Amino acid sequence: AQTVTQSQPEMSVQEAETVTLSCTYDTSESDYYLFWYKQPPSRQMILVIRQEAYKQQNATENRFSVNFQKAAKSFSLKISDSQLGDAAMYFCARGSQGNLIFGKGTKLSVKP
Amino acid sequence: NAGVTQTPKFRVLKTGQSMTLLCAQDMNHEYMYWYRQDPGMGLRLIHYSVGEGTTAKGEVPDGYNVSRLKKQNFLLGLESAAPSQTSVYFCASRLHRLAASSYEQYFGPGTRLTVT
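Those sequence lines, one after another, are chains G and R.
If you read the first sequence in my numbering, its first letter stands for residue 1, the second for the next number, and so on.
If you read the second sequence in my numbering, its first letter stands for residue 113, the second for the next number, and so on.
Among the hints, erroneous ones may be present.
Unchecked claim - Cut-off 20 Å, straight-line C-alpha distance, at most; resulting in silico cross-link-like pairs (EDC-like, lysine to aspartate or glutamate):
hint: 1; chain 1: G; residue 1: K104; chain 2: R; residue 2: E171
hint: 2; chain 1: G; residue 1: K107; chain 2: R; residue 2: E171
hint: 3; chain 1: G; residue 1: K104; chain 2: R; residue 2: D150
hint: 4; chain 1: G; residue 1: K111; chain 2: G; residue 2: E10
hint: 5; chain 1: G; residue 1: K104; chain 2: G; residue 2: D26
By construction, these hints were calculated from the structure, which means they are not laboratory data.
Remember, predicted model here, so these are calculated numbers, not experimental data.
Build the full structure now, drawing on both the sequences and the hints.
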């Protein structure tokens with residue numbers, strides 16, 4: 001089975017500091033998409049950032065950026081200048097044949 | 113433009129009862145999905161639909177049925193609820209075209225279902 005692995009069930013960061021959430025995946029496809037979704041306590045799933053596998057440049061969205069290592073099948077999320085509102089569950093997902101395969105999530109806590 | 117909506121938001125069932133969860137989207141998306149989310153398990157795909165009148169099984173389809181009679185609606189049915197189906201259920205939708213953002217799924221707010 002093709003899987004997405006998030007090896008950190010929980011992470012903690014001090015407000016204003018930087019944190020990196022890890023994600024690895026397996027796939028036999030050459031073109032695919034990767035995503036990070038955020039789920040705050042409200043339960044709503046919010047897209048944070050997306051990466052197309054054929055693009056070598058790492059995606060960035062304001063304080064959020066990724067480190068995409070295609071050969072290593074690694075897709076980590078870096079959050080800079082962490083804010084209290086960043087506290088949430090974060091899910092890594094890979095597009096596969098039109099569907100998404102999700103990791104089990106990382107719970108991020110932000111300390112004031 | 114409401115996006116993806118789900119009805120109801122909460123429900124408590126007794127074992128053996130049946131119910132239907134409704135998902136509606138107003139974005140003219142072709143693909144629609146039903147997931148369940150359990151603690152420590154992430155989101156797992158139950159069933160999905162690639163267009164009106166078509167459905168397909170996902171990773172965990174047993175105990176559930178779906179129907180897509182209209183493009184904007186995707187129904188998830190539980191014929192005989194079991195405690196193992198206690199979960200949070202999410203509906204999602206996306207475009208069909210193979211555009212750069214086409215794999216992006218838009219999620220509803222979720223339905224918390226408890227089966228006692």
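Against the structure, the hints:
no., hint, result
1, G:K104 to R:E171, "14 Å, holds"
2, G:K107 to R:E171, "24 Å, violated"
3, G:K104 to R:D150, "9 Å, holds"
4, G:K111 to G:E10, "13 Å, holds"
5, G:K104 to G:D26, "15 Å, holds"
Checked against the numbered hints above, the structure violates only hint 2.
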